[in-house]
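Chemist: Starting from the known structure of chain A, arrange chain B on it as the hints suggest.
Number of protein chains: 2
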Amino acid sequence: MPEFLELLPPPDALKVLLGNIAPVPHVEQIETIDALGRVTAAPVFAPYPLPSFPRSTVDGYAVRSADTFGANDSLPAYLALIGEVPMGAAAGLSLLTGQCALIHTGGMLPQGADAVVMVEFTQSARPAEVEVLRAVAPGENVLKVGEDVAAGQEVIPAGGRLRPAEIGGLMALGLTRVSVASSPRVGLLSSGDEVVPPEMELGPGQVRDVNSYSLGALIQQAGGLPVSYGILPDHSESLRLAAAQALLECDVLIITAGSSASSRDLTSAVIDSLGRPGVLVHGVDVRPGKPTILAVCDGKAVIGLPGNPVSALVIAGLFVIPVLHMLQGIQADRPAPSLSARLTTNLPSQAGREDWVAVRLQDGLQGHLAEPVFGKSNLIFTLVRADGMVRIPPDATGLEAGQTVEVYLS
Amino acid sequence: MPEFLELLPPPDALKVLLGNIAPVPHVEQIETIDALGRVTAAPVFAPYPLPSFPRSTVDGYAVRSADTFGANDSLPAYLALIGEVPMGAAAGLSLLTGQCALIHTGGMLPQGADAVVMVEFTQSARPAEVEVLRAVAPGENVLKVGEDVAAGQEVIPAGGRLRPAEIGGLMALGLTRVSVASSPRVGLLSSGDEVVPPEMELGPGQVRDVNSYSLGALIQQAGGLPVSYGILPDHSESLRLAAAQALLECDVLIITAGSSASSRDLTSAVIDSLGRPGVLVHGVDVRPGKPTILAVCDGKAVIGLPGNPVSALVIAGLFVIPVLHMLQGIQADRPAPSLSARLTTNLPSQAGREDWVAVRLQDGLQGHLAEPVFGKSNLIFTLVRADGMVRIPPDATGLEAGQTVEVYLS
Chain A
1 MPEFLELLPP PDALKVLLGN IAPVPHVEQI ETIDALGRVT AAPVFAPYPL PSFPRSTVDG
61 YAVRSADTFG ANDSLPAYLA LIGEVPMGAA AGLSLLTGQC ALIHTGGMLP QGADAVVMVE
121 FTQSARPAEV EVLRAVAPGE NVLKVGEDVA AGQEVIPAGG RLRPAEIGGL MALGLTRVSV
181 ASSPRVGLLS SGDEVVPPEM ELGPGQVRDV NSYSLGALIQ QAGGLPVSYG ILPDHSESLR
241 LAAAQALLEC DVLIITAGSS ASSRDLTSAV IDSLGRPGVL VHGVDVRPGK PTILAVCDGK
301 AVIGLPGNPV SALVIAGLFV IPVLHMLQGI QADRPAPSLS ARLTTNLPSQ AGREDWVAVR
361 LQDGLQGHLA EPVFGKSNLI FTLVRADGMV RIPPDATGLE AGQTVEVYLS
Chain B
1 MPEFLELLPP PDALKVLLGN IAPVPHVEQI ETIDALGRVT AAPVFAPYPL PSFPRSTVDG
61 YAVRSADTFG ANDSLPAYLA LIGEVPMGAA AGLSLLTGQC ALIHTGGMLP QGADAVVMVE
121 FTQSARPAEV EVLRAVAPGE NVLKVGEDVA AGQEVIPAGG RLRPAEIGGL MALGLTRVSV
181 ASSPRVGLLS SGDEVVPPEM ELGPGQVRDV NSYSLGALIQ QAGGLPVSYG ILPDHSESLR
241 LAAAQALLEC DVLIITAGSS ASSRDLTSAV IDSLGRPGVL VHGVDVRPGK PTILAVCDGK
301 AVIGLPGNPV SALVIAGLFV IPVLHMLQGI QADRPAPSLS ARLTTNLPSQ AGREDWVAVR
361 LQDGLQGHLA EPVFGKSNLI FTLVRADGMV RIPPDATGLE AGQTVEVYLS
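Line by line, the protein sequences are chains A and B. Using my numbering, the first residue of the first sequence is number 1, and each one after it goes up by one. Using my numbering, the first residue of the second sequence is number 1, and each one after it goes up by one.
No lab work stands behind these hints, which were simulated from the structure alone. Treat the hints loosely; a few may be bogus.
Identical copies look the same in the list; a pair holds intra-copy or inter-copy alike.
Result set (DMTMM-like, lysine to aspartate or glutamate): computed pairs, CA atoms no more than 20 Å apart in a straight line [as the list claims (entries may be wrong)]:
1. Lys290 <-> Glu120
2. Lys15 <-> Glu28
3. Lys15 <-> Asp272
4. Lys15 <-> Asp298
5. Lys290 <-> Asp395
6. Lys144 <-> Asp285
7. Lys290 <-> Asp59
8. Lys15 <-> Asp34
9. Lys15 <-> Asp285
10. Lys15 <-> Glu140
11. Lys144 <-> Glu154
Looking at chain A on its own, in the form it has when it is part of the complex (with noise of 0.2 Å):
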């Protein structure tokens, strides 16, 4: 199948792709400590109110707050401390009017008081007694219970990618195991009959497998379990056949092509013959990486990822990551994280066609510079010179020296 005519944007592309998916939620249950960067298959409720006791915000003393109500520094309202509060069990008093308890920060407030006076705006000149300088209102340097979170609110929603809060958040609630989407499995094939495993000593005309390990490294960064299927020859049955077996096994197959027009030719032709509907779009108006193939074949995304090195990168970022995303059911995901720099020279591009150029960042008088990686080879140590990647947007045909830009940290 030869490529299209008509090339497609990537966002267009793009939702093409994730349109045809038929997605499988698989779920699991995880313990919380191991949970960082999973995200949740169910919305997470609170069992139980956070804070779950009245608890004291400063160190001071507990008061029914009715009985400092005037106080000041020249009329001091004059309490009897009937005692304090331990930490880590109940307060074990009970205030009665014109009394007050000596309580610590995050203290559980006694049996009739609602509020809690700053050891800085009290004095004692008699034992057992205690002067208070200031009014407090009702509720006063108190957390509530529920004030945080209250009993069966929604916390995390489903879909939700856990962080160190996250696993905090589910600790404080006594829940230490939690439901997770299943990391979803990519099958890597390599083909080309150039290609060779990286540990080979290298023949003449032979190159080692790069793909295989960048784009491996990259799926398990979006949270997918890459699993290898090696290397095969631009032969089309055994490529099939491995293809194939691949794709039973996982959730997503890449295939990246040798760098020859044949053996991309050959992957297309495999890729449509693994399923329907099949090869949906062969081509993409991006640069790198207009050879890109995407497919989906039996409710399985197939993604045919051109051979070069930089453009397999740049193409598996616009196209795979979105699909282990959907897969994993991330809901409202976060912009990617970038920083606004400078352009340091002017960057041609060509009108109609997005662009994605490698930067390294500097830092510049005013911010960030990007300064441009050029590389007529777009070979892999490019990107390993690059803090990351800036986008020309098709509808501009470049970019100036000085204008302000945003990197996509790679």
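Modeler: Here is chain B on its own, set in the frame of chain A:
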């Protein structure tokens, strides 16, 4: 030891802390395939050049460029086609004057050839003869040996974090193992009479340990290895023994105090007893997190964090992460990922103090909006509801609605 009266600003406090650490570099050799996110312990040099043979960057015909000089549409150069270059093998051909060979993208240039003519600029009227319609310069459409990387060139500096591109680059060079800094072991100890493990049912006045887990996750993200030493009651001698043992077994020790002032004072005294010089900073001019303790005991960083889970995470971001970067030897760390957004409301702040405010990102008409997540509680779900943090610098008395701020993503 009471809190110092003069509070240091966070950058000065960090300088004092890092300046007193005596990092002992631990190095290990690991498989490159497992090295994502790890940090190189030594510079990596290329054992071979890349590419390792002269490669065509296009599909076309390998030629001696001098044979094409002056060629154009009306006056083509006629070359004798002597064969095809196979992929992944030596060319097996040698071009004499007036000869050419079919070559594919990535193919090895034959002996005698010094350029490639794109197939689009050729035609063929007779078998074994190619008409070249455009001249090529020497080296055109060819990647020279070592054009991406020369043999012996430093390709990754010491202290470089390995991203997907670096993993691919190492594999391209056949480097299937790599020397990286060992992950620093970070001991985590919680103190506080009111703190219980997450799996326990809460009694009156008790709260669950949040910090060991939220901090553990943050440490993992920063390349460290969290080691939990449990929860200890506020008794000086048992805390001192546990802390000394943890410090012996780890590269960094973090003690989170309970919420009461006495728990914080106890923590400070214990830390000061662990080694020389002991506590360097007690109290930082930042909100949240003022009661932070920074110490170095016999060369190792010991950090006392406030028990409040929000303070603990904010302060760990300011002090623990830079320590972990230093221990891993990270050079020239890149700026933290952030997004520019416009504030939705005024944020008041006290001049002279650095403030960190949790915000939620929303889509606005012109880019992102940052909406503060308020909560007098400073409890963990404030951070769960937030996408990141905004810094109010010490020289500001607040930020205004509509102002553009950097949101540091959490």
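Chemist: Next, verify each hint and record whether it holds.
Modeler: Quick rundown of the hints versus the structure:
In this assembly of identical chains, Lys290 and Glu120 lie within 20 Å of each other by CA distance solely across copies; the values are 17 Å between and 69 Å within a copy. When the C-alpha separation of Lys15 and Glu28 is checked against a cutoff of 20 Å, the pair qualifies neither within a copy, at 28 Å, nor between copies, at 44 Å. In this assembly of identical chains, the alpha carbons of Lys15 and Asp272 lie at most 20 Å apart only when taken from the same copy (19 Å versus 59 Å across copies). In this assembly of identical chains, the alpha carbons of Lys15 and Asp298 lie at most 20 Å apart only when taken from the same copy (17 Å versus 58 Å across copies).
Taking the shortest alpha-carbon separations for Lys290 and Asp395, only the intra-copy value of 17 Å comes in at or below 20 Å, while the best inter-copy value is 50 Å. Taking the closest pair of Cα atoms, Lys144 and Asp285 never come within 20 Å of each other, the shortest separation being 57 Å inside a single copy and 28 Å across copies. Proximity of Lys290 to Asp59 under the C-alpha cut-off of 20 Å is restricted to the inter-copy arrangement: shortest distance 15 Å between copies versus 65 Å within a copy. Taking identical chains as interchangeable, the C-alpha atoms of Lys15 and Asp34 are never at most 20 Å apart, the minima being 33 Å within one chain and 33 Å between chains.
In this assembly of identical chains, Lys15 and Asp285 lie within 20 Å of each other by CA distance solely inside one copy; the values are 14 Å within and 49 Å between copies. In this assembly of identical chains, Lys15 and Glu140 lie within 20 Å of each other by CA distance neither inside one copy nor across copies; the values are 53 Å within and 38 Å between. In the homo-oligomer, the alpha carbons of Lys144 and Glu154 lie at most 20 Å apart inside one protomer (19 Å), although the nearest pairing across protomers, at 60 Å, exceeds that limit.
Checked against the numbered hints given earlier, the structure breaks hints 2, 6, 8 and 10 and satisfies all the rest.
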